[in-house]
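Visitor: Keeping their order, the protein sequence lines are chains A and B.
With numbering that gives the first Met the number 0, the residue at position 65 of the first sequence is 64, and numbering never jumps.
With numbering that gives the first Met the number 0, the residue at position 521 of the second sequence is 520, and numbering never jumps.
Some hints here could point you the wrong way.
What the hints assert, rightly or not - No farther apart than 30 Å at their CA atoms in a straight line, the calculated lysine-lysine pairs in the DSSO-like style are these:
(1) A:Lys205 x A:Lys175
(2) A:Lys134 x A:Lys67
(3) A:Lys16 x A:Lys205
(4) A:Lys16 x B:Lys321
(5) A:Lys134 x B:Lys22
(6) B:Lys180 x A:Lys16
(7) A:Lys67 x B:Lys22
(8) B:Lys464 x A:Lys124
(9) A:Lys165 x A:Lys124
These are computed hints drawn from the structure, not numbers from a lab.
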Amino acid sequence: MNASGLAVDNLTRRFGKLVAVDGLSFSAQRGEIVGLLGPNGAGKTTTLLCLAGLLRPNAGSIALDGRKLGPDRARLIALVPETPEVYPMLTVWEHLVFVAKSCRLDGAWEDRAQGLITRLDLLDKRDELGESLSKGMRQKTLIACTVLADSPVVMLDEPMIGLDPKGQRELRGILKDLREQGRTIIMSTHLLESAESMCDRVIIMKAGRALATGPVAELRSRGSRADETLEDIFLELTR
Amino acid sequence: MNALAALGALAYLEWRLAVNRLKVVLHQPGRLVVWGLFALWVLYVTIGRVSRGSYVGTAVFALPHEIAATALALFPALYLALMGFTMARSTLRPPAAFAYPADSRFLCGSALPQQAVAFWLQWREFIGSGQRYIFAIIAMGVGFRGAGASLILIVLTVVVGAGILQMLRLPVFLVAQRYPKARVGLIGGVLLIGGAAALAYPIYAAWPNEGALLKSIPLHAFALPPGSWLVGTALGQWPSMLALFITALALAGLAAVAAGDCYPELWESSVRQYAQRVRLRSRLLGTRAESALPDAGAGLRVRPVELSLARVPAGPWPIFWKDWLALRRSPEASRGAIGFILVAIGIGAVFGFIARGGGTETLIGLGVGLGYAAVALSAQRSVTLAVELRKPMWWLSSVPLPERLATWTLSAALRLTVFVALGVIVAALISGAYAAAGLVLALLPVFFWVGQSVGVAAYSIFPSKGDLRGPGALARMLACYLLFLPPIGIWVVLQFVFGQAVIVSALAACSWAVLEGIGLIWFASTRLAGNGMAFAWAEQR
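My request is simple: use the sequences and hints to build the entire structure.
Guide: Written out as structure tokens, the structure reads:
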């Protein structure tokens with residue numbers, strides 16, 4: 000088991016007869032961005048929800064820095080879900096204040112929060128209510144809240160969907176910053192180019208299982224052609 | 000994080016949600032005026048009832064004494080059965096405790112202790128439902144006769160009684176999850192059977208005394224706690240109040256103590272409820288919220304149904320076909336329908352027994368009470384068109400909007416009619432009042448058609464959920480009363496002035512009522528046409 004970072008062992012989650020995640024094992028080190036790839040219904044979102052403590056796995060264990068995680072994992076493993084749900088009657092800034100209060104952040108949180116909303120182009124939306132935000136703005140609000148909460152593991156489910164080009168660039172920058180700070184980042188995405196450019200390693204899933212794991216270059220070297228793209232590898236593995 | 004700091008953070012969340020909700024209303028002059036008028040009316044009613052001990056609506060009707068005495072005598076058994084049912088059900092499925100989808104990110108992903116969050120969720124639900132009951136009894140309960148100190152006691156009893164049932168769910172689930180050997184479900188089952196037996200026995204024992212059935216039932220009834228404490232509280236007995244207060248506190252405390260690792264189940268249950276609501280509103284034809292659910296994560300199942308597309312009706316009628324499909328496809332919807340049928344049969348049986356055992360005064364009191372309950376039910380029924388209005392399919396239809404809206408309204412009205420009609424049939428079979436039941440059955444579809452049309456028209460004025468529950472509900476009730484006056488007038492004039500037959504008078508009155516509904520639908524259509532998305536957005540407020 001990897002002592003530094005997140006280690007998932009034999010994670011299994013069933014819904015009745017359907018096995019959504021089937022004995023999935025992988026690790027994600029500190030300071031690493033891991034991409035979770037797979038066709039629709041591969042079990043990516045279910046995996047993220049299990050890790051975030053929102054679904055109880057039927058089997059398996061989750062450990063962070065060698066310590067097996069229990070009910071407190073929701074605090075340590077933050078998730079930005081695919082559907083960015085915010086409180087309709089809370090402003091962008093109030094979301095950040097609530098995160099600061101509920102996560103007992105130190106006194107410097109206000110400067111960090113201000114920096115985040117500036118970077119994510121949310122400054123002029125600071126006092127807008129959640130109900131009036133577009134999907135992209137809600138996504139940015141959730142990203143700001145998640146980064147502010149200072150969790151050692153940050154997971155993002157389809158984070159680029161709904162973001163404008165500037166927002167996508169800023170998010171890439173933020174994720175790289177988090178990686179440099181030693182956070183573990185897991186990102187589920189269908190945008191293979193984005194995964195290829197950002198992720199240190201990818202996990203290609205299908206039917207709840209990991210078909211291939213490793214850096215893109217390594218996966219490429221296993222293939223039949225040297226000029227294969229991640230898309231070629233993905234389509235070949237998941238057909 | 001200590002409990003005090005955690006509760007402080009949660010209080011901040013609730014406080015800001017409430018303040019912002021108020022600010023939104025204050026920034027919209029139209030809504031401000033409507034809410035202002037509504038607040039004044041509620042204040043007038045409340046002060047009038049509590050201080051003067053009277054109210055303009057008190058003369059409308061009063062529950063005959065023998066019905067009230069019988070109901071009070073049977074209440075403890077009924078409450079015990081309800082508690083047992085709640086306990087048994089709670090062991091199978093946790094309550095959908097998270098009110099907002101955002102709770103999953105902001106509460107579960109926080110450093111707040113789960114115990115504090117569970118405690119808070121309990122009280123949030125208790126306070127929310129308490130407000131609704133207080134409003135329903137004091138402001139909407141036009142026919143409710145309580146006043147002064149007795150009114151306060153009755154409100155307290157209803158709020159605490161309903162609150163205990165609600166607050167029971169989370170601790171029961173948590174205890175059953177943590178201590179499977181405790182067999183909480185079995186205890187619930189025993190209480191349910193015990194309560195049902197205690198409910199049935201007095202009726203069985205009083206049955207031979209058919210002439211005075213209602214008077215005999217209280218003599219054989221059991222005073223079982225905690226229902227008897229609720230009755231005691233309503234009658235102003237301090238020991239009962241104390242016992243109830245301790246029970247409520249114990250349940251809240253138990254939830255907090257047992258809530259060590261409960262987020263996954265609460266989240267799953269809450270997500271399932273959001274999806275169910277959306278699915279039932281959208282009649283199962285796929286929505287954004289539903290497609291966003293993690294695979295089968297919401298636990299919603301769709302039963303495969305063989306379709307014969309040749310049988311799909313033309314024009315606006317596919318709306319009926321869609322509703323029928325929803326009922327067949329969704330096990331949750333089917334279970335809900337079965338539940339409503341059982342409740343309708345149960346209520347029908349109770350009213351049948353009361354009608355059988357009571358005199359003319361009882362029957363009149365019962366009729367007026369039921370009529371009032373039907374109007375109140377109709378006014379409180381939610382009208383949510385956002386799911387339809389958001390769909391391109393709805394707007395792509397070549398059928399004119401008034402026709403589609405009328406079909407949608409008719410479908411909703413008939414769903415309610417089916418359940419109530421079942422209750423009426425059961426009541427008629429027990430009481431033997433076949434002629435009265437036949438008349439009621441004939442009038443029911445028209446009654447609910449008008450009620451639902453008023454709802455759709457009110458929606459086109461107050462699309463916001465909050466507005467529709469507050470001033471909208473009051474406006475709907477008043478509109479229902481006003482709109483029922485002309486058909487009643489037509490009936491009376493035709494039958495008693497011109498000496499027409501009952502059927503002719505009833506037909507004329509019903510025709511007028513149908514036309515009123517069509518007028519309301521036309522009014523709603525003119526407001527919704529070309530601006531549907533604005534209404535869909537406003538509905539979420």
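Visitor: Are the hints correct? Go through all of them and say.
Guide: These are the hints, each one checked on the structure:
For the proposed pair Lys205 (chain A) and Lys175 (chain A), the alpha carbon gap of about 27 Å is at most 30 Å, so the pair holds. Distance check on the hinted pair: Lys134 (chain A) and Lys67 (chain A) sit about 35 Å apart at the alpha-carbon level, beyond 30 Å; violated. Taking the CA atoms of Lys16 (chain A) and Lys205 (chain A), the gap is about 17 Å. The hint holds against a cut of 30 Å. About 28 Å separates the Cα atoms of Lys16 (chain A) and Lys321 (chain B), which keeps this hinted pair within 30 Å; it holds.
Annotation: proposed proximity of Lys134 (chain A) to Lys22 (chain B) holds, straight-line Cα distance about 23 Å (limit 30 Å). Restraint check for Lys180 (chain B) and Lys16 (chain A): the C-alpha separation of about 26 Å stays at or below 30 Å, so the hint holds. At roughly 46 Å between alpha-carbon atoms, Lys67 (chain A) and Lys22 (chain B) are farther apart than 30 Å, so this suggested pair is violated. For the proposed pair Lys464 (chain B) and Lys124 (chain A), the alpha carbon gap of about 25 Å is at most 30 Å, so the pair holds.
A distance of roughly 16 Å separates the Cα atoms of Lys165 (chain A) and Lys124 (chain A); the hinted pair therefore holds under the 30 Å criterion.
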